[in-house]
Amino acid sequence: MNILFVMKHRGNAGNTHAVADYMRVAPKFGHHVAIFGPTLPWLPEINFSDQVRGFDKAVYLFESEIYRLSPVRETMLIGGIARKDRMILDMDGMYNPVVCLDGYDRNHDTEEERAAWIEHYHALADRVHKPTLAPPATPRDVPLTFYGYDPALETDPKTAPEKIYDILHVGHNWWRGRDIENILLPVVDKNRRKIGRICFIGLWWDKAPTEPGSGNPLAFAFGSEAFRRLDIETRDSVMYDKVVHAMSQARINIFTQRPVLHHLRHLTLKYFEIFYADTIPLLVLDADHAADVYGPAARELILSAERAEERIMDALARPERYREIVQDVRRHLAKHHGYELRMQELAAALKN
Amino acid sequence: MKLLLVTSCDPWTRSVSTIHHYVAAGRALGHDVALYGPPNADLPGLPTTTDLDGVDLALFVIQVPGDFPQMPHLARLIDTIPREKRAVVDLWGRYNETIFIEHDFNHLEKLDSHPGWEWEEALRAASGTILQPTLSPLRPDVGSFLFHAFAPDAVVQPETSAEKAAARWCDSERWFGVAYVGSNWQRWEQVRDFFKAHAPVRKEVGWAGLIGWDWKERPEWAIQQGIVGIDTDPELLLSMDVTVKGGVRFDEIFRYLNQSKFAPVFHRPLFRHLNFVTGRSFETFHADTVPLLMLPRSFVEAIYGPAALALVPGEDIAGYLTKALKEPEPIWNAVIKTRAHLAAHHSYARRFEELAALAARRAR
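One line per chain: the protein sequences are A and B, in this order. The first sequence: position 329 = 329 (the numbering used here), numbered continuously. The second sequence: position 5 = 5 (the numbering used here), numbered continuously.
In silico DSS-like links for lysine-lysine, alpha-carbon gap of 27 Å or less: (1) A:K84 / A:K351; (2) B:K85 / A:K84; (3) A:K8 / B:K110; (4) B:K323 / B:K164; (5) A:K270 / A:K242.
Note that these hints are calculated values from the structure, not bench results. None of these values were measured; they are calculated from a predicted model.
Input sequences plus hints: build the corresponding full structure.
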């Protein structure tokens, strides 16, 4: 099967990395995976192709904006790959009723915006696949975990980079500010002298984007003054192939997920990627949901507002205990979320 | 026949006039013709539809990238209308090898970001039937369909007598002796040479008018992108007393053509090379003016008929203009005969017959 992903590709975003993982695994199963577009010299490991005729399946991967191509290229694709051979992956929960959590994170700003998405999806394909653990809400919904775990990518502690941070967060400030303010910052405020360097790698932690069309300003809302007061560093985002190395520079990595995706029980690449790093992931997740993904051991890694201080300080004080928990989770991930399994699931979904 | 025209429609440019003629002629002939897509706010009188039931033929009318529908309309169209009921008329010669002729071209990636192969792939993806507005397509897998046509009912001043037509024409007061209505796109040299030839006789023939976008100055975007062929020389035009006016809507063109004694028909170098017709090739004969066919004689004879050769000025444009004013009857005789030829061979009714035959062939 020759599978062409049609998506906005960004070297510093998770979905590009996930598709790169499929590219790596696909040949073992006789498949070939590429992203639609011309080859980019700065992403040499990523297969790109604009030769639609060489592909028999198209996977349209959408994030939080409708990805549009020039009508010429859109026609090459739509006319070249039949409807039955097209799949939609709805990564950011756009194929749902309007969900707005506490007036903060939401999948759509308005019903009209949602209607435009629905119209687009229904025109494109018969089914909408979602990387979620939630049961399907409509006959068109099809859960497809999509993201996976490859034990070969786990970082060997012997070759891991030096730990220069105590706490690190890798991810953009896109609807994540509130979790950080409510859960992490109070702990840091109270214990700053006991904690070493803290860093946030990613966009928009120090300032919101100013470009027009950047999205809802609430998504970037964050009191960055607290970072200055608490001596928390910020660094630019890193390319997808440098994420695990960056995470491995810290004793603890904080995992956050934007609230609306958490609410919809969507998975993201970061769920798995963080366990490749030589670090202790502490998870800002619902404990039952985390157990469903990672197995029961993950309950020991949950970072909740009520017990955040205890968890962080304990992880810093007793890293060996937490390393054992991480190993338990890794074993669970290898068993239940391997990319070989994911590749077969994707191929089966495309065949159906 | 239920004919769906798939294209963008802009009241200022490209094939908007021809599209309107298809709608009107289709209605008169009992066909159902509409433009695919949502209503066009700039053209509220143009029927549009997204209803794909019972479509006999979806004709993609392609010039620029925006002529392909946007999503979600594109997928609905392609997934609903079977391939055999779709055809493409490739009005700008995209479905050819890349051609550079003089400064003109059929593909230019820096202008629209599409190399030639992408155009070919997109057109082939839209349909297995590719047509071009020429009697002699370069490629064997391309069919001939001129698309543009002549509408006898649209002739502003129908004439049957050359004598009467010539007399009326000579007596009429007009703004211009010669006027060209068309935007600045790859035709500057032809326009310049024509007005240069006219300038010495302008007091005798009448003033010159140049109506269209970007004749007053070379547009900034062309300078920035280094696109040649959109040239002009305001000082030269001023020195020749040429009245320059900006673009006009398609439904105002005749206001200017009818106010000129003569109206040249120019084809951009690419279209001359490909022997393509344009909307103006036929539409100029609707106007109350003498069309001057600034085109190769063999092309003129093939499209317009032998009488039209009298409307080809040849090398001595000034001599032709002054002689036509002195002896207008033969010229009007040629105009009348050419209109009759166009009505017989290139009417919209004829085009509908060709489309119906195409749809029937494809359905078999």
